[in-house]
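Chemist: Chains as they are written, first to last, in the working numbering: chain A, 1 to 323; chain B, 1 to 303; chain C, 1 to 418.
Because the hints were derived from the structure by calculation, they are not lab data.
Treat each hint with caution, since some may be false.
[Stated by the list, open to error] Cut-off 30 Å, straight-line C-alpha distance, at most; resulting in silico cross-link-like pairs (DSBU-like, lysine-lysine):
1. C:K346 <-> A:K152
2. C:K207 <-> A:K130
3. C:K38 <-> A:K152
4. A:K130 <-> C:K201
5. C:K38 <-> A:K20
6. A:K152 <-> C:K104
7. C:K360 <-> C:K70
8. A:K20 <-> C:K149
[To be verified] Ranges of calculated distance between the beta carbons of each label pair, as one might list FRET restraints:
9. A:F146 <-> C:K174: 55 to 61 Å
10. B:L3 <-> C:A310: 46 to 52 Å
11. C:K356 <-> B:T59: 56 to 62 Å
12. C:P210 <-> B:S136: 30 to 36 Å
13. C:T159 <-> A:K20: 45 to 51 Å
14. C:K356 <-> A:F146: 32 to 38 Å
15. A:K311 <-> B:F284: 44 to 50 Å
16. C:G147 <-> A:I10: 52 to 58 Å
The model shown is predicted, which means the values in this text are computed figures rather than measured ones.
Cβ coordinates follow ideal geometry from the N, Cα and C atoms, glycine included.
The primary structure of each chain is shown beneath.
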Amino acid sequence: MKKLYIFLLIALLFLLVLPKFLSSYVLGIFIMIFFYAYLGQSWNILTGYTGVISLGHSLYVGIGAYMTFLLTLTLGLSPWIGMWIGGIAAGLIGLVIGFFGFRFGLKGVYFVLLTIAFAEIGRLIILHLKVFGSFQGLFITPEFSFANFQFKENTPYYYIALGYVIFSLIVVQLLERSKIGRYLVALREEEDAAESLGVDVFKYKMIAIFISAFMTSLAGAFYTNYLYYLHPGTMMSMAFSIEIILRPIIGGMGTVLGPVIGSFLITPLAELSRIYFAKAGYEGLHLVIYGFLLVAVVLFFPRGVISYIKKVLSPILIGRVIK
Amino acid sequence: MNLNLLLQLAISGFLLGGVYSLIAIGLSLIFGVMRVINFAHGEMMVWGMYVAYTILLWTGVDPFFSFLVSAAILFILGYLLQRTVVNRILDFPEAMQVLPLVGMAMVFENSARIIWGPDYISPQSRFALSSLSLGSIMIDTPRFMAFSLAIIITIMVLLFLKKTDMGKSIRAAADNRTGALLVGTDVNKVYAVCFGIGTACVGAAGGLLVPLMPLSPHIGAPFTLISFIIVILGGMGSLTGAMVGGLIIGVAESIGPELITNIFHGVGLDLEFPHTMKQVVSFFILIVIMILRPQGLFGGKKG
Amino acid sequence: MKKKMNRRTFLKYSAAVGATTAISGFPTILKAQAPEIKIASIQPVTGVISDIGISMRRANQMAVDDINAKGGIKSKGGAKLKLLLADTEAKEEVARTEAERVIKEGAVCLVGPFLSGNAMTIATLCEQRGVPFVMDVAAADDITRKGFKNTFRVFPTTTKFADSMLFYMTRIMKDKNISKIKGVLTNTGDLFGRVQGATFKKTLTDKKFPIELLGHIEYPLGIQDLSAEVSKIKALKPDVLFPVARPGDAKLMTRELYKQRVELRAIISPGSPGWYEPEFIRDMKAISDYVMDNVPWYNPVGKMYKEVNAAFAKKFPGKYIDTNSGYAYLGVLVIADALERAKSTKAEDIVEALKKTYLKQDLMVGLAVNFDERGDNVNADTAMIQIIGQTLKVVLPDKAAEAQYIYPMPKQLWERGM
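Bound-form chain A, shown alone (with noise of 0.2 Å):
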């Protein structure tokens, strides 16, 4: 494990010092890496570790979004603050969803379609809303400076999302670690024997939906102040959960670096495949491209890429980060 630490530390140092060497354009591609490695490390709380699948997380995104502006426009609050009230907020509608889910005895895909519903609702109602810009979408206004959380170079965007990263990887790494990730994973695992052993299954359902919708609610207020413009159209969609879930999956879900190493192969395919093959008259190829990947990189590593880095590195470093 040790070893394993070391490794960790030596690509934290990488990370650290790119910015000196990298043009804009690719911190700006790192910067979506992390910032979708977040989200899927989030989405893996909930979904990873204790295996309640959701395809409605954009709509905590939103609602960390919405109400970081919300408190800017009303009581000048800096989104650094403003940001936790918003993951509060998340939170409490991630109770709610879990409430009819689980009290109701939801599972699977009636899981899948309560979140898929209320991530939709949300969307419609917020599309209908004056105050969030309606149908317009709200236009942000630049005024760079670390209060407002806006900068005009890519460097401080990164540190940030690099910062939310290592965020979500000590919150996942003590949470595996505690009490109520084991249960979590138990949950997960048998949850008929989990509860007749007497673990509460409702509260520790409820709780991993907290945490997860909080933290994802989080990363709402980085994409208000990193891309100016705010519409439940893109980001409280479908499409926008399926990005979500898609790295977690691919880089193996109920894993500490499962998001992590999942985003840094995805996101960088998905900008390939648009430089190449986005050509005249053919446009809509590098999406064919992209799709036959997922479907193929799925049946190919069905318990995510980091299963199988795990069997041909396993004789080189054992350790408990990686399940």
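Dock chains B and C against the given chain A, drawing on the hints supplied.
Modeler: Positioned in the frame of chain A, the structure of chains B and C alone reads:
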């Protein structure tokens, strides 16, 4: 409260619901038997639409006949898809099943764009503009024909499942996979045929919808969602349920916003439930059904 | 990509230059050494509005090719423009990455991106990187209200749309002696639709205009069934329908209006793309007649328009220059003109030159392109176009008109023998 308007909306919605039913039946078969969430369902329907459109373009044959060709081609596509991809993921954890089909959805959607172009196409078919009137109520002819044909196809599928050997094998494999294996059923083939029939239904539905709505490669996704809502409402594995569910959802989406607005005004609220939120009505129905009666209206087993 | 200049490469190069000079004469050397100026076209070529994105990219490219054919940027030694291609996929995060990419690849100016949301993201990035950005098409007023120094918009703002619409309606109502019109407004639930609809509605109220809106119906973008909405329109019994629609729902709506026998005096759009797309007329045939649309449009009597349209139609059979492709072409002309006057490829110089733009053109309705302090084109305007005999004709303003407008519709949709 404009009763005439409500009635008109209800009938219109009911007829469209017939086509929704057909789409949902396809999904019900697939989901009921294989427990797979076919995220490519809507996109495959769009292919069915394009096939019928292409036949109209090249031969002038109306989609109300060529939907059969759509069904045939989609059967083949579905069969192949099942044998190559879906079969391998049947035992995967559910989360992993989502991705390959989402990937296939992207493939279908974007290859449709490359082949047929991104523009909205609204071909003129024979009945596209006609309508019948019953008093002050307008009945949309293409919609009526789509409805009637959808019902006929549904009945045929039901008969197939009840009477033929293959149909019985499918039902057996749905109820008990191990049992079916034990009695020597070629489960893989059964599953492939079942998936094929499911996609054939959706292909036929696509053909029937060509006179009704403009085609574009991107219109598939909402149909996937709607068909899931209908299948759950009707009851997993119940084809009658999918039929009834489709009609209910068709009507609900059509009169829902109007009714709710009337209720708002009735209790003194100066609020309007906008038509742009009509999907909220279906999602709301979904949530209520899942909580109160998760097996759906016609479903047997719970959950 | 720097080629390593070793002896072998140098000799090869010299030999090639020598040979070509010998064969074709002296000017070849100049051509081989004239630099390229890179600009980038950033449009939504994939995704839900790829039809428009593709059309705009084609127009951007055609303009670049035409400029190069006429000698490139003469003040920079005949430097040719090279168009880098970027695809936003209609998504903000992709728009940002793509903009970043083309800037890295050396684009000195960007043109695009049709969608206002994408435009906001790109404009912010261009401001951050200090690169000029010319919006060929993007309607939302907000973008030029953020104090950006590098962003310029050739397209009219939504306020302009509404103002022009009222101007034309005033004319029609005066000519036909109409004191009041009862109307119903519909729009799609996308950015453009909603903003168009809302601005039209607000302008009517603000100016106390004698058009009474009996109803305002909105429906989701990508809707497949408008029977409920049209039933509602019918129940309201308006004189005129004011629909803001995209191609898909425009056709859907017209068919529904036909089937439900909704009687109308006219269909006049305050400004939307659905009604002028070639596919609309092709698929609707006689039912498309008499629909009017208030849109930024090409100038049918303009010399530039005639040339560019002929070339475009030849290159892309079945397509013609419309609002979006027209402005896409114009956007590149604006950039080239600025480069010509800036005599430099430095960002600050280009921005300065853009500020001073006064580009005479008769490609689009409206006078010379001229930007105000916010970056909006003060002379951008709309025209009222109408489908007559299944062809699009400009009917107002008079000086660009190809035909006289027809109001009310002489035949209802179902009386046209279809």
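Chemist: Tell me the hint numbers this structure goes against, listed in increasing order.
Modeler: Result: hints 10, 16 break, sorted rising.
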